[in-house]
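All chains, please: the whole structure from these sequences, using the hints.
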Amino acid sequence: MLHFSRWKMIAILAVVLVGILAAVPNLFSKETVDSWPSWMPKRQLVLGLDLQGGAYLLYEVDRQDYVQRRLRTLVSEIRTAMLEDPRIGYSGLGVQGQGVQLRIRDLSQLDLVRQRLEPLRNPLSNSLLGGTAVNEFDLSVGSDGLVQMTYSQAGLTQRVRSIVDQSIEVIARRIDQLGTVEPSIQRQGEDRILVEAPGLGDPERLKNLVGQTAQLTFHLVDGSFQTGQAEPQRKPGTIVLPALDSPGVNYILEEAPLLTGEDLTDAQATFDQRSNEPVVSFRLTTGGAQTFGKVTQVNVNRAFAIVLDDKVISAPVIREPILGGSGQISGNFSIQSANDLAILLRAGSLPAKLTIVEERNVGPGLGADSIRAGKIASIIATVAVCAFMVMTYGFLGWLANIAVIVNVIMIFGIMTILGATLSLPGIAGVIITVGTAVDSNVLIYERIREEFRSGRSAIASIDAGFHRALGTILDANVTTLIAAIVLFYLGSGPIRGFAVTHAIGVATTIFTAFTFTRLMVALWVRWRRPTKISL
Amino acid sequence: MRHLRLVPDNTAIPFMRMRKFTFPVAAFLSIMSVILFFTVGPNYGIDFLGGTVIEIQTKDAKPDLGKIRGELNGLGIGDVQVQTIGDDNSVLIRIGQQPGGEAAQQEAIAKIKATIGDEAEFRRTEIVGPRVSGELAFNGAIAMIVTFAAIAVYVWFRFEWQFAVGSIISAANVVVMTFGFYVVTQHEFNLTSLAAILTTVGYSLNDTVVVYDRIRETLRKYKKISLGDLIDRAINDMLGRTVITTMTTLIALLSLYIFGGEVIRAFTLAMIFGVIAAIFSSICVAAPVLIYFGLRQDALDEKKKDADAKPQKA
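Line by line, the protein sequences give chains S and Z. The UniProt record's numbering puts the first residue of the first sequence at 1, with every later residue one more than the last. The UniProt record's numbering puts the first residue of the second sequence at 1, with every later residue one more than the last.
For the record, the hints were derived by calculation from the structure and aren't laboratory data. Predicted model only: the values in this text are computed from it and were never measured. Any given hint might turn out to be false.
Partner residues aside, some chain Z positions facing chain S, computed with beta carbon under 10 Å [what the hints assert, rightly or not]:
#, residue
1, 185
2, 233
3, 237
Example chain S residues on the side facing chain Z (calculated, C-beta under 10 Å, incomplete) [stated by the list, open to error]:
#, residue
4, 58
5, 262
6, 265
7, 383
8, 388
9, 429
10, 479
11, 494
Every residue, glycine too, gets a C-beta built ideally from N, C-alpha and C.
Shown next as structure tokens:
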């Protein structure tokens, strides 16, 4: 038990050294570490949002909102399909729950209806499952003339999956434009997106940027008319939308948009040359510019509304045809809000509405307070435990202390190497490891005492003590390790943060007890050749 | 130099005879915890109930709690709890789940921010929506069950089934008692509290396995003594270690409790309680349970014979 070959000794010390070296960069500031030569370890511990401040936002695709929007377009698709030659007579076309339904007048046309609607079922290719397509809608044509197209479960699942992928791209583009934060944007589960922005001081701005669907549309204003009344008389084919800035003001607009955000090629925040106010100027695609030119030509002196997410930003009157393919949006912007709108327009719109289902923001001040408290507590805990060990075991207590300190440094080293995140519960994990890592030494020393008291020689006692204690240490720690691993896979948030440090702590404890502590005691035995054990 | 000795050598405390007293105490505490859990119930935090917590810190003046409370109660966002935490300038505002889904939570918080305005720094904002809170509770429960199952299997493989069942009963006892602690103190029960409970599960198992390991070894060494005496002997042999380890763990946790800051104070307090419960449980529940399950000494002998037949390291 107490014999170590030279190579074994070197290997153990090498592992310990690597662990310690990996932890070293954490003692210095980010700037200092960046200036080090390239061969030195530079990775630093990732601090959790609770320690460095920042925003944690969990978004979920609003399925209901998406389905309702999609069904509305399906209604107009069906309307168009029914108009083809020969025309099909129907009534009661409309959204009904999770689907669209209508009633056919002439029952002899049922087969024709089926033919017309079949392509609208919209097969979605599923590249993940190797080409099997699922239909977005289920179609049922009843012999009584009732036709129903409902969203299929598989279709919705698939749709939501691609919405999440697309949204992640859009969000990444948006935050990228902000340039100041290094966020992580991840899919979570089937329909969720987790956005974490460490070190962010202004979570509201991030929420505005990430959460807006940013669907931009241009509509002609119906008549010469804007109103303060909620629901004035309106013609079919028009919609009533509220103004963004003036509460109570509503606009009546033609429902079909002239242009959408997809017709834009570029958007920039600039200043209006006359009024010197911040505005957003945009450029249109060739196709968009043509449409816009044509429409503005015939509609001089009418107003058109610029609509963002169902709210009217502004409704300027067309003074002359706009042919150049560029224009500007004004509307009481500050420099920052003009800039943010430009970012949103450049990055594109989200395919569906996202709602925040969980939000946790920690201000940088609180994070700094927590880390200071955590540091103080850790140092005091370590000093107090060390003092207790020396009082109890004397010289061997010092060896145990070295082992425990090496243990803690290695936890930080391994976490740095793995890129694991240190959170506040993580610090608690380290502290409980300090408490229990001592246990392995206590088990060994108490065992040695027992053996010595039962009459063995000092060296034989030490040997037997290690031999017997190590089995116990292994069993006890593997049990704890299992608990920590399960927690890591099943837990979330603080539980996970705790499980990581605890699992690593248990692993390093087993390692140090089996190798490093044993090596230190072995070297001491070889050096002092003790005949008595004072424990 | 004389070393500190908290436990004299050769103790012979009759733990198993004491079980007539300690076992009912453990059972009583567990049952009381369960009863309290269902009658009084823990003070669930927003992680499990949904809702919003905001921590603000006023810049210079001391916050006027009455004024804040009055203003916020006028917002029509249900019952608003306002309390100071930590230093005098920090205020914790808690509001319940808003009816009307996810977006309603955001509206409520916007109202609060508008009311409080620039007078204070927003240190922390946590909003947990209705769906997520349900999932967090469910996942927490699943985590606990899977942990128990995995451990039971490990202990069963390494020891005997009686030990596996015993360690789970003992750990469950710790969990229930720590739950009871949360109910009695009415500390907020949130995800971090769950982490605290699961930690004590880990600690309890660690401790139980150390005791069991010794019992198994003693069983192999002494064939003639009764099981009760054997267990007593094993626990007494380990008593020095148990006390020292408990001391070091408690020292570490106490420093975290005193110096670790407001955010995790309740968390550490629960762990301190849990560690004490774990020690009590591994001596007063895990060990006597073996007797009740009729652990047979010859079962271990069979195993030992097998092990001896095949030359392998013990």
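Right, here's what the structure says about each hint:
1. 185: violated (18 Å)
2. 233: Constraint on residue 233 of chain Z not satisfied, violated at 12 Å.
3. 237: holds (7 Å)
4. 58: Holds: closest Cβ of chain Z sits about 7 Å from residue 58 of chain S, inside 10 Å.
5. 262: Since chain Z brings no Cβ nearer than about 26 Å to residue 262 of chain S, farther than 10 Å, the hint is violated.
6. 265: violated (33 Å)
7. 383: holds (9 Å)
8. 388: holds (6 Å)
9. 429: Constraint on residue 429 of chain S satisfied, holds at 8 Å.
10. 479: It holds, given that the least Cβ distance between residue 479 of chain S and chain Z is near 5 Å, below 10 Å.
11. 494: holds (5 Å)
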